[in-house]
Amino acid sequence: MMDSFARVDKNSVYGNLDAIREAFIALMTTDLEFIDAIEIGTSEERKVVRRFDKWRNVLNDILGEQKNKRDVFLIV
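Numbering-wise, my numbering comes out as the position in the sequence shown, counting from 1, plus 1075.
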């Protein structure tokens, strides 16, 4: 996880903390491949790569959505 956070803008992370936490919990509870990669044979290269890739993809999806959003300011 730390590797993936080192590669992104911290302000983007702070702005998406809830979504990031929810996505990580979802990975750990619903994604059988991710669960297998963190429970059994955790030092196997294949499983290390799998869990890093899965997490990086989820994080990029969340932060990528943020890039596509525009701030809307109402003129009052």
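No wet-lab data here; the hints were simulated from the structure. For every residue, glycine included, the Cβ atom is placed at its ideal position computed from N, Cα and C. Please note that the accuracy of each hint is not assured.
Listed next, the in silico SDA-like pairs over lysine to any residue satisfying Cα-Cα at most 25 Å (straight line) [stated by the list, open to error]:
hint, residue 1, residue 2
1, K1129, T1117
2, K1129, V1083
3, K1085, E1108
4, K1129, E1119
5, K1122, V1133
Derived CB-CB ranges, DEER-like [unchecked claim]:
hint, residue 1, residue 2, range
6, D1093, R1121, 14 to 20 Å
7, E1119, S1079, 26 to 32 Å
8, E1120, D1093, 21 to 27 Å
Broken hints, numbered, in rising order? Hints 3, 6, 7, 8 are the ones this structure does not satisfy, whereas the remaining hints hold.
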